[in-house]
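Chain order of the listed sequences is L and V. In terms of the numbering used here, the first sequence opens at residue 1 and continues consecutively. In terms of the numbering used here, the second sequence opens at residue 1 and continues consecutively.
Keep in mind the hints are simulated off the structure, nothing from the lab. Among the clues, some could well be false.
To be verified - The calculated lysine-lysine pairs, modelled on PhoX-like cross-linking and capped at a C-alpha distance of 20 Å, are:
{"#": "1", "chain 1": "L", "residue 1": "K75", "chain 2": "L", "residue 2": "K29"}
{"#": "2", "chain 1": "V", "residue 1": "K105", "chain 2": "L", "residue 2": "K75"}
{"#": "3", "chain 1": "L", "residue 1": "K33", "chain 2": "L", "residue 2": "K75"}
{"#": "4", "chain 1": "V", "residue 1": "K105", "chain 2": "L", "residue 2": "K33"}
{"#": "5", "chain 1": "V", "residue 1": "K325", "chain 2": "V", "residue 2": "K352"}
{"#": "6", "chain 1": "L", "residue 1": "K84", "chain 2": "L", "residue 2": "K113"}
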Amino acid sequence: MNNSVFFGALTVAGLAAGAAAAGTLDDVKARDKLNCGVTTGLVGFAAPNANGEWEGFDVAVCRAVAAAVLGDSTKVEFVPTTGKTRFTALASGEIDMLARNTTWTFSRDVDLKFEFVGVNYYDGQGFMVPKELGVSSAKELDGATVCIQTGTTTELNLADFFRSNNISYEPVPIETNAEAQQQYLAGACDVFTTDASGLAATRATFDDPTVHVVLPEIVSKEPLGPLVRHGDNEWGDVVRWTLNALIAAEELGVTSANLTEMTSGTNNPEVNRLLGTEGTLGEMLGLEADWAVNALSVGGNYGEIFAKNIGEDTPIGLARGLNAQWTDGGLLYTPPFR
Amino acid sequence: MSDQTTNSVAYVAETMLPELPPPARETGVIKWLRQNLFSNFANSILTLVSLWAIYVLLSNTLPWILNGVWTTSSLNECREVLDNKVGACFSVLTERWHQLLYGFKYPIDAYWRPNFALVLLLVAAAPVLFFDLPRKMLAFTAVYPFIAFWLIWGGTIMTPIVAFIGFAAGAAIFQIYGKKSFAIGFFGAIGAALVVWIVGGALIPEGASDSAWLSAVPSRDLGGFMLNLMLGVTCVSLSLPLGIALALGRQSDMPLIKWICVVFIEFVRGVPLITLLFVASVMLSYFFPPESTVDLFLRVVIMITMFSSAYIAEVIRGGLAALPKGQYEAADSLGLDYPQAMRLIILPQALKISIPGIVNVAVGLFKDTTLVSVISMFDLVGMIRGPVLASTEWNGVYWELLGFAAVLFFVVCYGISQYSQWLERRLATDHR
Numbered sequence: 001m002n003n004s005v006f007f008g009a010l011t012v013a014g015l016a017a018g019a020a021a022a023g024t025l026d027d028v029k030a031r032d033k034l035n036c037g038v039t040t041g042l043v044g045f046a047a048p049n050a051n052g053e054w055e056g057f058d059v060a061v062c063r064a065v066a067a068a069v070l071g072d073s074t075k076v077e078f079v080p081t082t083g084k085t086r087f088t089a090l091a092s093g094e095i096d097m098l099a100r101n102t103t104w105t106f107s108r109d110v111d112l113k114f115e116f117v118g119v120n121y122y123d124g125q126g127f128m129v130p131k132e133l134g135v136s137s138a139k140e141l142d143g144a145t146v147c148i149q150t151g152t153t154t155e156l157n158l159a160d161f162f163r164s165n166n167i168s169y170e171p172v173p174i175e176t177n178a179e180a181q182q183q184y185l186a187g188a189c190d191v192f193t194t195d196a197s198g199l200a201a202t203r204a205t206f207d208d209p210t211v212h213v214v215l216p217e218i219v220s221k222e223p224l225g226p227l228v229r230h231g232d233n234e235w236g237d238v239v240r241w242t243l244n245a246l247i248a249a250e251e252l253g254v255t256s257a258n259l260t261e262m263t264s265g266t267n268n269p270e271v272n273r274l275l276g277t278e279g280t281l282g283e284m285l286g287l288e289a290d291w292a293v294n295a296l297s298v299g300g301n302y303g304e305i306f307a308k309n310i311g312e313d314t315p316i317g318l319a320r321g322l323n324a325q326w327t328d329g330g331l332l333y334t335p336p337f338r
Numbered sequence: 001m002s003d004q005t006t007n008s009v010a011y012v013a014e015t016m017l018p019e020l021p022p023p024a025r026e027t028g029v030i031k032w033l034r035q036n037l038f039s040n041f042a043n044s045i046l047t048l049v050s051l052w053a054i055y056v057l058l059s060n061t062l063p064w065i066l067n068g069v070w071t072t073s074s075l076n077e078c079r080e081v082l083d084n085k086v087g088a089c090f091s092v093l094t095e096r097w098h099q100l101l102y103g104f105k106y107p108i109d110a111y112w113r114p115n116f117a118l119v120l121l122l123v124a125a126a127p128v129l130f131f132d133l134p135r136k137m138l139a140f141t142a143v144y145p146f147i148a149f150w151l152i153w154g155g156t157i158m159t160p161i162v163a164f165i166g167f168a169a170g171a172a173i174f175q176i177y178g179k180k181s182f183a184i185g186f187f188g189a190i191g192a193a194l195v196v197w198i199v200g201g202a203l204i205p206e207g208a209s210d211s212a213w214l215s216a217v218p219s220r221d222l223g224g225f226m227l228n229l230m231l232g233v234t235c236v237s238l239s240l241p242l243g244i245a246l247a248l249g250r251q252s253d254m255p256l257i258k259w260i261c262v263v264f265i266e267f268v269r270g271v272p273l274i275t276l277l278f279v280a281s282v283m284l285s286y287f288f289p290p291e292s293t294v295d296l297f298l299r300v301v302i303m304i305t306m307f308s309s310a311y312i313a314e315v316i317r318g319g320l321a322a323l324p325k326g327q328y329e330a331a332d333s334l335g336l337d338y339p340q341a342m343r344l345i346i347l348p349q350a351l352k353i354s355i356p357g358i359v360n361v362a363v364g365l366f367k368d369t370t371l372v373s374v375i376s377m378f379d380l381v382g383m384i385r386g387p388v389l390a391s392t393e394w395n396g397v398y399w400e401l402l403g404f405a406a407v408l409f410f411v412v413c414y415g416i417s418q419y420s421q422w423l424e425r426r427l428a429t430d431h432r
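Input sequences plus hints: build the corresponding full structure.
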């Protein structure tokens, strides 16, 4: 509630007409702050800690972009969005980028006019059942009652999976994830289904996680990634290559521990180009030469961020799986830095 | 006489018998029990069933509460400490209470500001709620919104001062010209206020808030139960006068005013509050250009106020309809004009009739403020559903958090309810 309230919309409209014309990158630099949309809270991916600082896997992407563009990972305004408000917040310009475990789909990319700049987590829908049920494969779930969140893609995936395998099920529709956990624990349904990362996080909160198993089948593709608005390719490039820099750093062996050492020059020309000691990659993006160094100094490379927020040593305990480097049999494969 | 009596009657008691205690079943606890709990067979059965229900309830909740753990730093530690015994994990409250009350971004060293504003609110509300208090205290009530704004949002003190001068100028213009013609006074007041705000707003130097004594806190950083209280207090106090105006407008003889009020009330009442909130948070950001949108808190206040004023208008219309026509005619026959008749005769009676309905709307509105959590504002429920339950430490703690929220809301709502009952007793002058 500042003075603009009193001035009314007219003055305000004039002021903003100028601002909207410039590119997002210039806007962010002029504002000296990145507006990054995150979720209102998802275990491991984004949540404020006891001191009110945002932490998590998606948050790390925001911080890396802020560090790359502004040289300071704290210059981020985290705008919490719900599943319903996230796309309008991005489309209306309230946020510069959205890093909110959003699935990259055709219609979101094409019809909603957004640009997914990459994938920071390959997820997929899975099933969790109590161990005492003795089920070892989702195909043995004939006639099971399934707790499922309504209005999500998981609901549609579930129907597809059971129909294509010619088995029947009885859905127990549920509004929120928290409610689903309670219903599942109370025995209102035999199976709980949602994204595999969510299943792992949920299972970790159970009193005795060992009596529940996550079945091996993954029945859908849920590539989650940050996205920006259509039509501002320079800004899209900045976010895309910041994410790629995090992934490439892991592949090239650049970690937060050896970052300073590597910045003084190495024998690997690609590392040198990435860290800005050779070539002009930063300049091409419209950033400083050490943009990637700044991004990496926040939380290290992709692998370190993964391990710190959702990896096997955290309560969530996700294995790398699909999210390993391509050299380790995963799907992470960044185009070369040259 | 006495001889005759002695002869004709075999025995006469000459002394009083000592008083016996009343029969055990007609006194004390036993009498109360017999009268209230076991007066007949059906009641006895019901009493026993109720006792059993209370026992089951307490035997399940009391160990849970008494065994509660208050000092651990995560749910898993709670479970280790409890070691499979039943017990609550209240540690989440001891660790996150400040986030639940103030939101997670309000600066911790500034918590005294909303606290002080709350204390001042009690002082400011007292003369409005309890009319035995001296009327001079109302002066503080008039200044209070600006003090509270300054305390909670911080920033330069010039902003609330300019806002206050604007209102004061408008009120002064209305006092001077409003007596001759309501229209001149009304629009003159709005014009004067706008002039003061625009000129005053331009005079406030750019960046004055950066160096202010109270650091500026943006609306986005407000949260927790503080946000619920702020929304509730602001919206109830704004929607009451607006609701009265709408109710009177709906009964007006002037077709334009009447139809504006009817359309407004019927439209707003026909739309769910959550829809209005989505409009406030999502649609309006399309209409306003980025960077310069009207503050989200203000947008939400406007929408909730619109919503509740439409309901309050209908409640008050019920009160107006309950008055016999003679009251209106009496006012006319005394030669009172419309404002006088309303102020002195009609509204005092109509509002008194409407008190239960108004309080009903107010309590409902206060609880409805939790709906702002769906548009990603972190009110008490938003804090619980979002940040606290999404932290790796506390994911899975439900009863403790939601019970805490329920207790807070119950205290406030029960307080409102008790006040309204006191008010009804205090105002009960007739039908006795």
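Hint by hint, here is what the structure shows:
no.	hint	in the structure
1	K75(L) - K29(L)	10 Å, holds
2	K105(V) - K75(L)	15 Å, holds
3	K33(L) - K75(L)	5 Å, holds
4	K105(V) - K33(L)	17 Å, holds
5	K325(V) - K352(V)	17 Å, holds
6	K84(L) - K113(L)	16 Å, holds
Comparing the model with each earlier hint shows no violations; every hint is respected.
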